Amino acid sequence: MDPTSIAPVRAVLDGLSQLVVGLADLIHPLAGASATGVAVILLTLAVRALLVPVGVAQVRAEIQRRRIAPALAELRRRHAGKPEQLSRAMQELYAREGASPLAGCLPTLAQAPVLAAVYALFAHARIGGEANALLAAPFAGIPLGTSALASAGLGVAPLVVSATVLALLAVVIEVRRRADLRFQGPPAPVDPALPGMAGMTTMMRVLPFITVVFAGVAPLAAALYLLASAAWTLVERAALRRLLGRAPSRGTAAA
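Per the UniProt record's numbering: the sequence shown = residues 1 to 255.
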């Protein structure tokens, strides 16, 4: 069953489609034939702007986790091999510091349906059984429904445009990954005795770049969405970490 044929889903996608068309008409004098593609980017940024409170909650949770990380490390060292005592001590630490191991998860889940709806608008060739007209519009000479992989058969110029979008997405993802590592501080040492930990570490480094691979086979409109959303996240996190990180933090003590 096509999920876009479900009445509420189709109503949401139709509304978003009308927003994109309206934006495209508004900016057509400036963007010309690429107006629909630019409208895709603008709609993505507008939705992310509405979700700034969610970003604030996520960054606050990050700061909270970083603040109690030394105490957690000390608890793990002190109660090594004693899972029940460790669990009890961690619960006491979270309660004392007003923290939660799940802090930040709920905001992430809250924004997921919104971002999924926006992405679905640009990723589905058909919505409710009808052709998605947005994907027929061009961006830099490439139909928005064409993937970067398929653009290789359209000539050099379309291939360069698609490759540029993917390269920018890869750069943004890598910059954000490095920024996250700097913010979180040195990673905890990996116990070589634990099976699979080395492979898990490698997978965590590579996993973010699966988005680039996915963008390469998705419609160009979806790739533009992913690029705009990733760029917003990079800038938003940097700004919020700087602003919220200035707030005085309470000291933590391991129990």
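Mixed in with the good hints there might be a few duds.
[Claimed, not checked] Per label pair, the in silico range of CB-to-CB distance:
{"hint": "1", "residue 1": "Leu109", "residue 2": "Ala238", "range": "36 to 44 Å"}
{"hint": "2", "residue 1": "Gln18", "residue 2": "Arg78", "range": "14 to 22 Å"}
{"hint": "3", "residue 1": "Gly98", "residue 2": "Leu26", "range": "40 to 48 Å"}
{"hint": "4", "residue 1": "Gly155", "residue 2": "Ala125", "range": "37 to 45 Å"}
{"hint": "5", "residue 1": "Leu26", "residue 2": "Ala140", "range": "32 to 40 Å"}
{"hint": "6", "residue 1": "Gln18", "residue 2": "Pro70", "range": "50 to 58 Å"}
{"hint": "7", "residue 1": "Leu109", "residue 2": "Ala239", "range": "17 to 25 Å"}
{"hint": "8", "residue 1": "Arg182", "residue 2": "Arg78", "range": "44 to 52 Å"}
{"hint": "9", "residue 1": "Leu50", "residue 2": "Ala131", "range": "22 to 30 Å"}
{"hint": "10", "residue 1": "Arg78", "residue 2": "Ala167", "range": "28 to 36 Å"}
Hints are computed from structural coordinates only; laboratory data are not their basis. If you're wondering where the values come from, they're calculated on a predicted model, not measured in any experiment. Yeah, the Cβ is synthetic: ideal placement off N, Cα and C, and Gly gets one too.
Using the C-beta atoms of glutamine 18 and arginine 78, is the stated range 14 to 22 Å upheld? At 59 Å between Cβs, range violated.
Quick check on a hinted range of 22 to 30 Å for leucine 50 and alanine 131, using CB atoms only. Hint holds: Cβ distance 29 Å, inside 22 to 30 Å.
Does the hinted range 44 to 52 Å hold for arginine 182 and arginine 78 at CB? Given a distance of about 28 Å, which is not inside 44 to 52 Å, the answer is violated.
For leucine 109 and alanine 239, compare the CB-CB distance with the range 17 to 25 Å and indicate the outcome. holds (23 Å)
Hint says 36 to 44 Å; check whether the CB-CB distance for leucine 109 and alanine 238 agrees. Cβ of leucine 109 to Cβ of alanine 238: about 23 Å, so the range 36 to 44 Å is violated.
32 to 40 Å as the expected CB spacing between alanine 140 and leucine 26, which holds or is violated: At roughly 19 Å between Cβ atoms, alanine 140 and leucine 26 fall outside 32 to 40 Å, so the hint is violated.
Are glycine 155 and alanine 125 spaced within 37 to 45 Å by their CB atoms? Violated, since glycine 155 and alanine 125 (Cβ atoms, about 22 Å apart) do not stay within the stated range.
Is the gap between the beta carbons of glycine 98 and leucine 26 within 40 to 48 Å? Since glycine 98 and leucine 26 have Cβ atoms about 46 Å apart, the given range 40 to 48 Å holds.
For glutamine 18 and proline 70, compare the CB-CB distance with the range 50 to 58 Å and indicate the outcome. Hint holds: Cβ distance 51 Å, inside 50 to 58 Å.
A range of 28 to 36 Å was offered for this pair. Does it hold for the Cβ distance of arginine 78 and alanine 167? About 47 Å separates the Cβ atoms of arginine 78 and alanine 167, which means 28 to 36 Å is violated.
The structure does not agree with the numbered hints 1, 2, 4, 5, 8 and 10 stated previously, though it agrees with the rest.
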